Amino acid sequence: MSESRFLPNFEPIAPFSRLTDSGILDSGESPMSDDAVIEALRYMMLTRVFDDKATSMQRQGRFGTFSSVRGQEASVVGAATALDPTKDWIVPQYREFPALIRHGYPIENFALYFMGNPKGGTIPSNVNMLPMQISLAAQIPQATGLAWGLKMQGGDGVVITFFGDGASSEGDFHESLNLAGIMKAPVIFFLQNNGWAISTPRENQTAARSFAERAIGYGVEGVMVDGNDLLAVHEVTTQAVAKARAGGGPTLIESVTYRTGAHNTADDPTRYIDQQELEKWQQKDPVERVKNYLRSRGIWNENLEQELLDSCAAQIDAAMESARNTPLATSDALFNHVYAEPPQRMLDQKRDWAIRNGDAQ
Amino acid sequence: MIEAIRECLGQEMEADNRVVVIGEDVGVLGGVFRATDGLQARFGKDRVVDMPLAEGVIVGSGIGLAMSGLRPVIELQFLGFGHQAFHQIGQQVARLRYRSQGRHSLPLVIRSPFGGGVRTPELHSDAFEAFYTHTPGLKVVAPATAYDAKGLLAAAMESDDPVLYLEPLKGYRLTKDEVPDERYTVPLGKLRVARAGADVTLIAWSAAVNVAERAAEELSEQGISVEVLDLRSLNPLDIDGVSESVAKTGRVAILHEAPLTGGFGGELVATIQQECFYSLEAPIIRISAPDTPYPLGGVEDLYIPDVDRVVAEVAALAKASA
Ligand SMILES: Cc1ncc(C[n+]2csc(CCOP(=O)(O)OP(=O)(O)O)c2C)c(N)n1
Ligand SMILES: [Mg+2]
Chain A
1 MSESRFLPNF EPIAPFSRLT DSGILDSGES PMSDDAVIEA LRYMMLTRVF
51 DDKATSMQRQ GRFGTFSSVR GQEASVVGAA TALDPTKDWI VPQYREFPAL
101 IRHGYPIENF ALYFMGNPKG GTIPSNVNML PMQISLAAQI PQATGLAWGL
151 KMQGGDGVVI TFFGDGASSE GDFHESLNLA GIMKAPVIFF LQNNGWAIST
201 PRENQTAARS FAERAIGYGV EGVMVDGNDL LAVHEVTTQA VAKARAGGGP
251 TLIESVTYRT GAHNTADDPT RYIDQQELEK WQQKDPVERV KNYLRSRGIW
301 NENLEQELLD SCAAQIDAAM ESARNTPLAT SDALFNHVYA EPPQRMLDQK
351 RDWAIRNGDA Q
Chain B
362 MIEAIRECLG QEMEADNRVV VIGEDVGVLG GVFRATDGLQ ARFGKDRVVD
412 MPLAEGVIVG SGIGLAMSGL RPVIELQFLG FGHQAFHQIG QQVARLRYRS
462 QGRHSLPLVI RSPFGGGVRT PELHSDAFEA FYTHTPGLKV VAPATAYDAK
512 GLLAAAMESD DPVLYLEPLK GYRLTKDEVP DERYTVPLGK LRVARAGADV
562 TLIAWSAAVN VAERAAEELS EQGISVEVLD LRSLNPLDID GVSESVAKTG
612 RVAILHEAPL TGGFGGELVA TIQQECFYSL EAPIIRISAP DTPYPLGGVE
662 DLYIPDVDRV VAEVAALAKA SA
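Going line by line, the protein sequences match chains A and B.
So the first sequence is numbered by the numbering used here: it starts at 1 and just counts up by one.
So the second sequence is numbered by the numbering used here: it starts at 362 and just counts up by one.
Simulated from the structure, these hints should not be mistaken for lab results.
Since the model is a prediction, treat every value here as computed from it, not as a measurement.
Errors might be hidden in some of the hints.
[What the hints assert, rightly or not] Covered stretches of chain A, as calculated for chain B (at least 3 residues, CB under 8 Å):
| # | region |
| --- | --- |
| 1 | 110-117 |
| 2 | 292-300 |
| 3 | 334-348 |
| 4 | 351-360 |
[What the hints assert, rightly or not] Some, not all, of what chain A presents toward chain B, calculated at C-beta under 8 Å:
| # | residue |
| --- | --- |
| 5 | S169 |
| 6 | Y272 |
| 7 | L328 |
Glycine included, each C-beta is placed from N, C-alpha and C at the ideal position.
Looking at chain A on its own, in the form it has when it is part of the complex (with noise of 0.2 Å):
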């Protein structure tokens, strides 16, 4: 086969890594401040502590079905740093908490749209991003050509879009990272191989080795990265959102990671996981392993830790508090902010909605 056409068989690459799976740093310099790292782990706690919160309210019929971060924290806190809020895009799909929230979407938010309130999709003015993403991979050709537009127009901001193994499979993958390579859209793609798509496993979603090399074809640089490691996820991040703000174009990075809990509060995984792989993942938990590098540092105690979990859990209480204060709510919801200039037939039937429920018009 060596002279044959076809084209040359590559060596598979492997995730690109700074931490030991016990926090120990290699011999380079950190790409993080001791401060950032720290901040990063709030959001991380954050993560962990809404979550927990979450699934218990909804197993108490108080919140909808909602998918939680668990096991892949470092991976998108890790993104997430490497953005400024200020000009940067987030085009999420919905399992990226804490990049949300960092980017300044209300936790209160966040929780009202689980909870089933149309106002939950409030996105304030000053925030840079498009709303979460249910249907898979429709995000991807919106952040290319948001990326792509913003360039039209000189600006510097870049986009990140998040997605799954699971969405890269739809065409709408396919299409945007053409175009971008292409239009050399300042666009990241950020892929979480989180090893599953409901119970369909990684390998059912391509034959590739990695989803980082199916960049080769586009023309658009592919990178892999050990998606349970806040410094290199936040190196490799910050390193692509610097070519692409220099004009340099889209990078696809794989994010290698793993689905530690349930797909969403209606799956149960126990039909599908394997139970051996899982624990496997577990040993390698990103909080874990952010705690032991800072305690390798010399800078994290158990009070420290005592301290952060109480003040993300006082924050996580007030939100929930506020939204479930929040009224229900009314028949006005499903027609406010369908049109700009609303046709006159939708007006009417606002009017009989009211009326029938007994709400305010």
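Use these hints to put chain B with the ligands onto chain A, whose structure you have.
This is chain B with the ligands only, laid out in the frame that chain A set:
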């Protein structure tokens, strides 16, 4: 109802080894609603396939599988994600026979849950049946009972035409009527009189049939006798069955979960006024969702027509005159 669907799939796969099931999470998990639970263990990984997450290639490759001689049953996890496959369904599935002038048959069934009322996340619950009834070449069925779910699925799988088989998300576990063990079919294109009545014809399909029946029960207490028609099949449409009922009652209400404008109710109104104009004693009414996107779960009960609303509107119709 979900058990009836599962049983039918099992029986058909047993009877015909050309039947294959493909879709997202249909294998090991048995589908997110368990419609295919146990089928992979029984029939193997070649016949029950966990596909990559891409509706376009799921439906498009289904066409190819059918061309190769198999009889694919495709599960679209939610009809809300049928858009991703719509270029394959609308332009391809529905027209292959016509475009090949009869050379290619397409014995393909696309099963998909749809409709609201179970607090799904966003974009899962729209009642998009009218997109597909506006797609000539594709048959569209939407059972409301477990009995029909089994019989219509068997008929759809037997058919050499492609069929979109819509399953009510809300009725999946709620609907629990008797289902015979043996194999049987319910013909495509024949409605079911879910409740006989004399004053008003109330037409519904899928999950709305249950709402219609409960409303009819309440209305009977007010002395209004409502005939509830369960269309079962939107294409082919049982025009004779509808006309027969309208000739008797002279008053018609159509109930659907989808928005008003462009909904399948409009098609029914047009057909009924054409076929039954001289029987009508009052304008036909439509009871539907408003012309707005399907909302988040917290307000979906305000969106989907409920029993109270149907009772009020049908009671007014019963008194109205032309
Ligand atoms: C277009 C589309 N098809 C199907 C679904 C149903 N669905 C929701 S999540 C999911 C799996 C997603 O997997 P992945 O992209 O890997 O993201 P993860 O949930 O692992 O973060 C599926 C099939 C959907 N939401 N959108
Ligand atoms: Mg995944």
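To see whether the hints hold, each was checked on the structure:
Against chain B, the region 110-117 of chain A contributes 4 residues with a C-beta closer than 8 Å to a partner C-beta. That satisfies the three-residue criterion, and the hint holds. Chain B is given as covering the region 292-300 of chain A, and this is violated because 0 residues of the stretch bring a CB closer than 8 Å to a CB of that chain, at least three being needed. Look at the region 334-348 of chain A against chain B: 6 of its residues bring a Cβ nearer than 8 Å to a Cβ of that chain, three or more, so the hint holds. A count of 3 residues in the region 351-360 of chain A with a Cβ less than 8 Å from any Cβ of chain B is obtained; the coverage claim is therefore met, three being the minimum.
Evaluation of the S169 of chain A hint against chain B yields a held restraint, the C-beta minimum of about 4 Å falling below 8 Å. Checking Y272 of chain A against chain B: minimum C-beta separation of about 5 Å stays under 8 Å; hint holds. Below 8 Å, beta-carbon pairs count as interface contacts, and L328 of chain A has one with chain B at about 7 Å; its hint therefore holds.
Comparing the model with each earlier hint shows a violation of hint 2 alone; every other hint is respected.
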